[in-house]
Every structure is written in C-alpha cells, then in structure tokens.
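Novice: Keeping their order, the protein sequence lines are chains V and C. Quick note on numbering: my numbering labels position 80 of the first sequence as 80, and the sequence is numbered without any gaps. Quick note on numbering: my numbering labels position 22 of the second sequence as 22, and the sequence is numbered without any gaps.
It should be emphasised that the hints constitute simulated quantities derived from the structure, not laboratory data. Treat the hints with care, as some may be off.
Listed next, the in silico DSS-like pairs over lysine-lysine satisfying Cα-Cα at most 30 Å (straight line) [as the list claims (entries may be wrong)]:
no., chain 1, residue 1, chain 2, residue 2
1, V, LYS78, C, LYS54
2, C, LYS66, C, LYS96
3, V, LYS83, C, LYS66
4, V, LYS78, V, LYS112
5, V, LYS112, C, LYS66
6, V, LYS71, C, LYS66
7, V, LYS83, V, LYS112
8, V, LYS112, V, LYS71
9, C, LYS54, C, LYS66
10, C, LYS96, C, LYS54
Predicted model only: the values in this text are computed from it and were never measured.
Each chain, letter by letter, is given below.
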Amino acid sequence: EAGVTQSPRYAVLQEGQAVSFWCDPISGHDTLYWYQQPRDQGPQLLVYFRDEAVIDNSQLPSDRFSAVRPKGTNSTLKIQSAKQGDTATYLCASSFPGTANTGQLYFGEGSKLTVL
Amino acid sequence: GQQVQQSPTSLVLQEGENAELQCNFSTSLNSMQWFYQRPGGSLISVFYNPSGTKQSGRLTSTTVIKERRSSLHISSSQITDSGTYLCAMGLNMGYKLTFGTGTSLLVDP
C-alpha cells in the first residue's frame, strides 16, 4: 500500500515569493491534515479536511496561507509572499474513516521550505 | 504554557544500553501517540497508546492517564534506533494532536 506522498521535497525561496505544496493521501483516507514543523520543534496543526470540507483552519495564517482539497483526495497548501519565519517542514498526514478523533495519523515525508 | 513536555531533550547511548523517554501532559487527554522521525524523514507511528502498557519488540510504552504521563522504553538499543522520538496527545477532539518538542537519541557503536 502506498503511503502519503508529498511534493516537492525541498523548496528554497526569496522573501516575497510564493510556493505550493502538494499531498496525495493514502487511498481511502477521508481525513487530511497539514502540519508545520519548524526546525527542532514538534509539528503544529495548520488545517485539516474531512473529504473536501475544511473542518478546522483556525491555526492557518489566512492572510498568506491557503489550503484546498477540491475532490476530497489530493490537497494543495499554498504560501503567498513567503517570510523567513515560514521556514519549516510542511507535513501532510491522513487518517482513515472512524479514526480521526483518535488521532491515528499517517504522515508523509514532508516538504522542507527555506525562505532566504 | 507548553502542554506537552518531553525529557530528556537529547540522549546519547552506547549500543546495547537501555533508554527511558518521558512525556508529561499539562492537561487531560483522551489519546496519545509516540512517533519516530529520522532527520529529513517522515513521522512514523511507533505506538498508539491511550492508556496502559504496550510492547512491540524492544519497545515498550506505558501511559497513565490520571497521572498525565507516558513513557517509552527502548531496551538493548541499536544504532538504527537513532533519531527523534516525539510524543503527541489528543484532547477531546483527538485529531488535533499536540506534539512535544522531541527527544533526540543517538546510539553510538
């Protein structure tokens, strides 16, 4: 069974540039999460979806960050006008039906962003 | 304040030694999970352990909900155990995992 797939694995930007990260969850997983993990810190939830609906985006910096999951499968996280403070690894995770509330998540390898 | 405290921050062992990693929570929780992460790698779930003791090979996890703590014991450590171990708790809405900052483990030959 294929795991959670993310791309690109690495991105290096100048401040002010934009970047998009893509995530393909495990087949059959209805819930998809985006986490931000700064260096030497634990991941922090940005947003999560159940199917195509946003369930919680309260931690997403809405002025520059956006996330979509239009068909309830793949998802894109976009950062507009990146800042140095956005430097982090962006992790996508998914969970299968019935387990979202228990927190059993499967993570991708992450997209490491460096903003110069 | 920090809801999930992990200790130690880092640990260096000689191959074959045992390790005890601790995780303490400042609030009540209804689920917790231990993850393993290699540098540049994904988080791999090691244990989903809301309460009690679970064992898998050389790894044992013990969670005591009422004491708001969990531990991960690694016996007879191997070089391949090197990496970062993160614990995470789930509250009433378990999807919203809150992570600790991790314990960095290095096992030397």
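Novice: Give a verdict on every hint.
Specialist: A quick look at each hint next to the structure:
A threshold of 30 Å between alpha carbons decides the hint, and for LYS78(V) with LYS54(C) the separation of about 39 Å lies outside it, so the pair is violated. Using a Cα cut-off of 30 Å, the hinted pair LYS66(C) and LYS96(C) holds, with the two alpha carbons roughly 20 Å apart. Taking the CA atoms of LYS83(V) and LYS66(C), the gap is near 42 Å; set against the 30 Å cutoff, the hint is violated. Pair hint LYS78(V) plus LYS112(V) holds up; C-alpha atoms about 14 Å apart against a cutoff of 30 Å.
Taking the CA atoms of LYS112(V) and LYS66(C), the gap is near 37 Å; set against the 30 Å cutoff, the hint is violated. As the CA atoms of LYS71(V) and LYS66(C) are separated by approximately 42 Å, the hinted pair breaks the 30 Å bound. A hinted pair counts as satisfied when its Cα atoms are at most 30 Å apart, and LYS83(V) with LYS112(V) qualifies at roughly 14 Å. At roughly 25 Å between alpha-carbon atoms, LYS112(V) and LYS71(V) fall within 30 Å of each other, so this suggested pair holds.
Taken as a hint, the LYS54(C) and LYS66(C) pair is honoured in the structure, with Cα atoms around 17 Å apart against an allowance of 30 Å. Between LYS96(C) and LYS54(C) the alpha-carbon distance is near 23 Å, which keeps this suggested pair within the 30 Å criterion.
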